[in-house]
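Work out the full structure, taking the sequences as your base and the hints as a guide.
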Amino acid sequence: MHLLQLRKNEAARIIDYLDKELASRLLTLGLLPETKVKYIRKAPFGGAHYIKFNGHAIALRENEALSIIVEKI
Amino acid sequence: MSLKSQIKAGLIGNPNSGKSSLFNNLTGLNQHVSNFPGITVDKKTGIVKLPHSTFIELIDFPGCYSLYPNSGEEKLVVEILSNPKHPDYPDFIIFVVDATDVRRQLLLATQIRDLGLPVLMVMTMKDLADKRGMHFETGGMSMTMGFPTLLTSNVSGEGLDELKDYLFAFRKVLIKGAKATLEDNSWGEDFHLKPGESHHNPAFQQLIVRQAGTDSKNQQDSAFFYDLNMTEKNIVAQLKDKLNAKTDYQALIQIHHSEWLEHLSHELKDEITETKLQIGFKSIPLQIDETLQRYNKFSPVVNRFLTFKIQKGFSITDKIDRLVTHKILGPAIFFLIMFLVFQIIFSWAELPMNWIESAFGSLSIWAENILPGGWFSDLIVQGVIPGVGGVMVFIPQIFLLFLMIGTMEEIGYMSRVVFMFDQIMKQFGLNGRSLISLISGGACAIPAIMSTRTISQQKERLITILITPLISCSARIPVYTLLIGFAVPDVQVYIFNARGLAFMGLYLLGILMAFISALVMKYVIKAKERSFLMLSLPEYKRPRIKNISLFVREKVGAFIIQAGKIILLISIVLWALASYGPTEKMDQAEKDAISFSQENGLGEEVTGNLIAAKKIEASYAGHLGKFIEPAIKPLGFDWKIGIALITSFAAREVFVGTMATIYAIGSESENLSVSQKMAADVNLTTGEKVYSPATSWSLLIFYVFALQCLSTIAITRRETGTWKWPIVQFLYMGVLAYVGSYFVYQLF
Chain A
1 MHLLQLRKNE AARIIDYLDK ELASRLLTLG LLPETKVKYI RKAPFGGAHY
51 IKFNGHAIAL RENEALSIIV EKI
Chain B
1 MSLKSQIKAG LIGNPNSGKS SLFNNLTGLN QHVSNFPGIT VDKKTGIVKL
51 PHSTFIELID FPGCYSLYPN SGEEKLVVEI LSNPKHPDYP DFIIFVVDAT
101 DVRRQLLLAT QIRDLGLPVL MVMTMKDLAD KRGMHFETGG MSMTMGFPTL
151 LTSNVSGEGL DELKDYLFAF RKVLIKGAKA TLEDNSWGED FHLKPGESHH
201 NPAFQQLIVR QAGTDSKNQQ DSAFFYDLNM TEKNIVAQLK DKLNAKTDYQ
251 ALIQIHHSEW LEHLSHELKD EITETKLQIG FKSIPLQIDE TLQRYNKFSP
301 VVNRFLTFKI QKGFSITDKI DRLVTHKILG PAIFFLIMFL VFQIIFSWAE
351 LPMNWIESAF GSLSIWAENI LPGGWFSDLI VQGVIPGVGG VMVFIPQIFL
401 LFLMIGTMEE IGYMSRVVFM FDQIMKQFGL NGRSLISLIS GGACAIPAIM
451 STRTISQQKE RLITILITPL ISCSARIPVY TLLIGFAVPD VQVYIFNARG
501 LAFMGLYLLG ILMAFISALV MKYVIKAKER SFLMLSLPEY KRPRIKNISL
551 FVREKVGAFI IQAGKIILLI SIVLWALASY GPTEKMDQAE KDAISFSQEN
601 GLGEEVTGNL IAAKKIEASY AGHLGKFIEP AIKPLGFDWK IGIALITSFA
651 AREVFVGTMA TIYAIGSESE NLSVSQKMAA DVNLTTGEKV YSPATSWSLL
701 IFYVFALQCL STIAITRRET GTWKWPIVQF LYMGVLAYVG SYFVYQLF
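Chains as they are written, first to last, in our numbering: chain A, 1 to 73; chain B, 1 to 748.
It is possible that part of the hints are untrue.
Stated by the list, open to error - Covered stretches of chain B (in silico footprint by chain A; criterion: 3 or more residues with CB under 8 Å from a CB of chain A, positions within the stretch not fixed):
no.: 1; segment: 99-105
no.: 2; segment: 361-374
What the hints assert, rightly or not - Rough simulated footprint, nothing fancy, chain B against chain A, three-plus residues with beta-carbon under 8 Å:
no.: 3; segment: 7-14
no.: 4; segment: 26-38
no.: 5; segment: 46-53
Derived by calculation from the structure, the hints in this document are not laboratory data.
Computed from a prediction, not measured in an experiment: that's the story for all the values here.
Note that the Cβ used here is the ideal one computed from N, Cα and C, for glycine as well.
Rendered as structure tokens:
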């Protein structure tokens, strides 16, 4: 499943990435394989998503979040 | 390492790492802003004073996540750090890390170390880390990582003295050279260290020495955190002789980015591209492998030397964000804040603006009285002083707006705004970050356009630059105020004042047109690269006055320097155009005015004003106005308005002053105001009033849309690097203005 299939406040573990170019940037920001991520909320007008990992918050666009494959813990 | 007397340190870190605060703390007011050569990225440099009246130079590099850059600013970091010959290539790096989030930031630290640059790692925000119960064993971490690591707090100032001792030690080693330092037994005593401090440990000193020795020949090939794989080794081996690189990794970075690195020659670029194809060098998969390998290498170090209690429940930031980024409350809070911001700007700025205006008015009168007369004093009294005054009068509004933007940025609110509105902005070919530039445009387009540098995708940045001048800036306010007086009667509409509503309508019209234009450009302009959001939402923190005041100083400074010089220059040119004309005609104009006033028995002051009015008609500016009259007649404008349109290019509010001159209002005159005189003006051919509501509305629309600001044109030229975009900007806004005014005029 991908990141956006998580419900609000649901946590999961990153296992893979669909897009290499996006992956290289996500890694730079610390979204590594095995990282525990939590889906927090959608932006008011959609399009962006509020994600937390390792105690930090990050905003991802729809396509960025879709490219992250996770598995439920 | 060559012996040198001046040591340059580069300050590098992720965005929001506390880098700017550390820079401000280390340099105080000993800092200045210039440009990196050949590129419009602000270069902040400062002097750090060290013990024994020594110092080092500190360069504040733009925030950066990795040597595989995203934005233009990040690219600049790579451009400089990959090129040992670059004039800004530092001698060592102060790497700034937010202590509450060390792991991912170490990625860049290790990359920089592998370039062959000595690193001193400074973990800031110790206060926050302490609060969260985090504990760092900096000694062990330093020894394992191979570079000294220390903890500081920008709030309490803790650790800053220790940091300066380290800087002193780095300076010492780098000046003496690693070898000489090792041979000199007494060097430790020079360190200005207090006994018992951790860094008194000789092992720590060794770390500095060992790093400083990195670029000596024998250690050239060492990679510290990353072992190049076969493909990488292969390509580096083939090309290294041609590349100017200190380490294999530095060569590798040059190869990765050969397409856009400016310090590589065209032939070399072609050769690298060819070799890449031959070997099958694929940049992105290699980047991913490298990044993962680095994490694997330093993650155990972090796990070993950093301990913290796992937090339960929700942090304050979580609680604030639940409201501030809420589906409905979030945007509501944002619009409320924006309403308050502009309310404050309009109400608080008025008084100081009046002071500035009257101060320059008095200065002009005073100068007129003490100067001997002649063209030179006219230049000072009518050209220079009003020109400088015209720049100064905007400062209160610009100051207030950036004070508030700076505070919101410092607290951490702005990134939430970007998060909330990214989707809407994306629909228009913009980026969430564009919104901050557009808000800044409410004060002045100059700093607003400069602030687009944080937008990484070129297309989004370009569109933001192109539409920003459509947001009504502070220079339009006096023009709107004057013209609305003619266009709209002073009546109440329900609970609102009709003029107030018209004023708001003009603002909204500008905003609306900005978005429509963006939408069109989205389909016309082609994108070269992908667009990303991936925005870090930092924890909220208490704003620090020092950071905000430096932010405001920078923005206001940019306005004064970038816009100020052009406004002043244009004011002088326009003064000359309005004061001089073909001698015959000028003399004739004066004679006519005098004889007219004698026939009608006018007083001395009125006569003087009449002469001025007749003279401006006969001047070069008057000729220009009459020359363009046929073109602007369909809009309902006469040659007088034509003159004002031209003079508005200094800054739009000059319109009001020009009108005062044309309608023969001396500065001392109290009998009739500009607006009364303008209201009384009658068109000679039709017998109708010149400032009919139709003409006034037409003119208002013109001022909303037209790019009548040379400073903006200059700044667009500078930020886009070509004349193409300022010309496009001028033309599209000009067409909007002309067509808009034409329709409005014909409508009436």
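Okay, the hints, checked on the actual structure:
no. : hint    : result
1   : 99-105  : holds (count 4)
2   : 361-374 : violated (count 0)
3   : 7-14    : violated (count 0)
4   : 26-38   : holds (count 7)
5   : 46-53   : holds (count 4)
Checked against the numbered hints given earlier, this structure breaks hints 2 and 3; the rest are met.
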